[in-house]
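2 protein chains.
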Amino acid sequence: MNKQVLLAEHPSGLPTKSTWNYQTVEIPELSDGEILIKNYYISLDPAMRGWIREGKSYIEPVEVGAIMRAGTVGEVIKVNNHSKFKVGDFVCGWGGVQQYSVTNGKGFNIVDQTKAALECYLGIVGMPGMTAYFGILKVAELKKGDIVLVSGAAGAVGSLVGQIAKIKGCRVVGIAGGKTKCDYLTNELGFDAAIDYKNDNIYSGLKAHCPKGIDVFFDNVGGSILDGALTKLRMNARVVICGAISQYNTTTKPKGPSNYLSLLVNRASMKGMVVFDYQEQYPDAIKDYMKWIQAGLIKSKEDIYEGIENFNDTFLRLFSGDKIGKLILKVND
Amino acid sequence: MNKQVLLAEHPSGLPTKSTWNYQTVEIPELSDGEILIKNYYISLDPAMRGWIREGKSYIEPVEVGAIMRAGTVGEVIKVNNHSKFKVGDFVCGWGGVQQYSVTNGKGFNIVDQTKAALECYLGIVGMPGMTAYFGILKVAELKKGDIVLVSGAAGAVGSLVGQIAKIKGCRVVGIAGGKTKCDYLTNELGFDAAIDYKNDNIYSGLKAHCPKGIDVFFDNVGGSILDGALTKLRMNARVVICGAISQYNTTTKPKGPSNYLSLLVNRASMKGMVVFDYQEQYPDAIKDYMKWIQAGLIKSKEDIYEGIENFNDTFLRLFSGDKIGKLILKVND
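Protein sequences appear in the order of chains Z and F.
Here the first sequence stands for residues 0 to 332, where the numbers follow numbering that gives the first Met the number 0.
Here the second sequence stands for residues 0 to 332, where the numbers follow numbering that gives the first Met the number 0.
In case anyone wonders, no lab produced these hints; they're calculated from the structure.
Remember, it's a predicted structure, so these values are computed and weren't measured experimentally.
It is possible that part of the hints are untrue.
Note that identical chains are pooled: a pair holds if it fits in a single copy or bridges any two copies.
Said to hold, decoys possible - Below, simulated BS3-like cross-link-like pairs (lysine-lysine); rule was C-alpha separation at most 25 Å, straight line:
hint, residue 1, residue 2
1, Lys206, Lys286
2, Lys206, Lys55
3, Lys197, Lys252
4, Lys211, Lys142
5, Lys206, Lys143
6, Lys77, Lys2
7, Lys77, Lys254
Could you put the whole structure together from the sequences, leaning on the hints where they help?
Right under this line is the structure:
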């Protein structure tokens with residue numbers, strides 16, 4: 000039997016239980032050319048909130064009644080005449096929020112557990128890792144000596160952005176919610192400073208830790224944090240718009256950055272990015288990550304919760320901030 | 000005697016009579032190395048509203064009690080031992096809002112009336128012309144075939160931006176206030192279409208005239224026009240933030256662009272610019288403009304009002320939109 004989570008309605012505001020349909024179905028027989036994957040880990044990403052809106056964004060929205068889209072890693076346990084996969088292969092792809100996926104294999108890739116733990120293929124060597132790597136190196140055009148500010152800094156993407164910038168010889172300041180996360184950034188990940196936006200004033204924090212301003216702001220959060228960061232731009236600063244998690248559940252229009260004219264004054268730029276554009280260069284990023292991991296220069300952390308029935312509660316941790324690093328749901332032993 | 004306009008107070012909201020001190024003083028004797036300039040034309044620019052704020056922007060603010068900063072063109076009528084200027088030279092520079100300027104000549108340049116009319120040195124071959132040229136060609140990285148949207152399109156900068164884009168083989172749509180201006184854009188300047196934001200809905204206008212979206216948005220206006228344009232960005236679009244005239248007189252925080260996440264979805268960029276950065280390349284721009292003017296490919300229009308005592312009323316035309324092209328105040332015959 001296969002437990003699945005389907006989209007029941009496009010939510011207004013934070014998703015609730017009624018956003019989803021939980022159902023258990025029989026696993027169908029495989030047709031010719033199909034494989035059956037037993038999913039172990041399901042990726043929970045802020046971007047998923049965008050996919051359940053009604054309108055099209057950079058990707059088609061999930062339709063009501065469809066299995067919720069999600070990145071997964073699992074194991075091929077049954078094959079009906081497939082050229083690429085065999086039983087026992089571990090694979091990563093778009094398996095959706097379900098315990099088992101039946102697929103023709105399109106969009107799935109075999110992963111090598113000797114190189115990285117299975118769950119890392121949803122994190123550092125998965126989509127968040129690729130986003131961080133290409134976002135900070137290509138979109139932000141990072142240079143040695145840059146002063147780098149990262150929001151959502153204890154998250155899957157932000158924590159890697161900051162560590163890459165440290166490797167490249169930058170001063171790195173992270174913004175995160177709560178003392179635990181801030182301590183994690185400075186004590187575990189080597190950030191130069193951290194600003195606790197839940198307990199400290201963001202402007203005083205920026206004044207204290209970025210007295211000379213910032214060359215790069217990598218933004219995962221939007222709202223008043225983006226507005227604060229804009230007041231500290233140096234000449235020719237680059238702002239990377241990777242996400243805006245503070246705005247994803249608003250029922251009104253998102254808050255635009257009032258201080259955007261700082262771009263004019265400082266000849267700065269604000270650029271959007273979508274990681275899929277860099278797909279052909281993923282192998283370069285993975286090679287660098289492997290090197291950095293082996294040299295002890297970079298750490299990743301997965302925050303793993305269990306049980307597909309806990310999907311909604313776990314998903315909401317993205318927005319409450321109640322997790323550190325990459326948020327993952329384990330749906331099979 | 001020299002009539003001058005001094006800053007009396009940093010205004011909140013629209014400048015009023017009490018923002019300025021009008022005074023008449025005697026012209027002092029020239030010291031060694033000084034020249035006396037009789038100013039004919041004073042440039043009125045949206046940027047001046049920024050200069051009379053309290054805080055520093057990309058340039059020092061005008062201090063209370065100082066002569067209001069402004070670009071000017073005039074004639075040297077007296078010289079006390081100067082190596083660069085002689086009586087009869089026509090010069091352009093920062094003469095300020097006054098009928099006569101006494102200066103050591105720093106920042107002033109001799110202009111050639113045989114090449115362009117005196118007033119053009121405040122327009123097409125002056126700061127607005129340079130802003131348009133480098134903004135659309137360098138900052139926006141204009142390419143042949145781009146769909147270009149310009150706000151403040153009947154203004155000194157916007158009207159040139161659109162015409163340059165036409166010369167470069169682009170489709171050009173302008174946004175301006177009122178039928179007269181819109182007719183001017185399409186009938187006189189060769190814009191492909193115009194949207195009258197005062198009488199038409201901006202979203203319907205964009206839908207009608209930019210059905211395929213836009214590659215470049217050159218923004219002089221900000222506010223809801225910027226927000227509307229952001230909804231029409233194509234992949235890899237470039238937004239140039241040249242100004243935000245709709246926001247300069249607000250007494251609350253400026254309105255940030257709510258739709259800025261369109262940058263993310265469309266991998267687009269938003270870049271600020273300040274024309275002074277291109278100073279060394281001004282001669283290239285002037286050469287191109289001369290060529291285009293002679294070929295009948297570009298037109299400029301100066302809207303000239305008279306009398307230094309009308310400075311405030313004339314200045315306010317920038318914000319009411321009650322002028323076409325480059326706004327100039329004539330202060331001497």
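Unmet hints by their number, sorted upward, for this structure: 1 and 7
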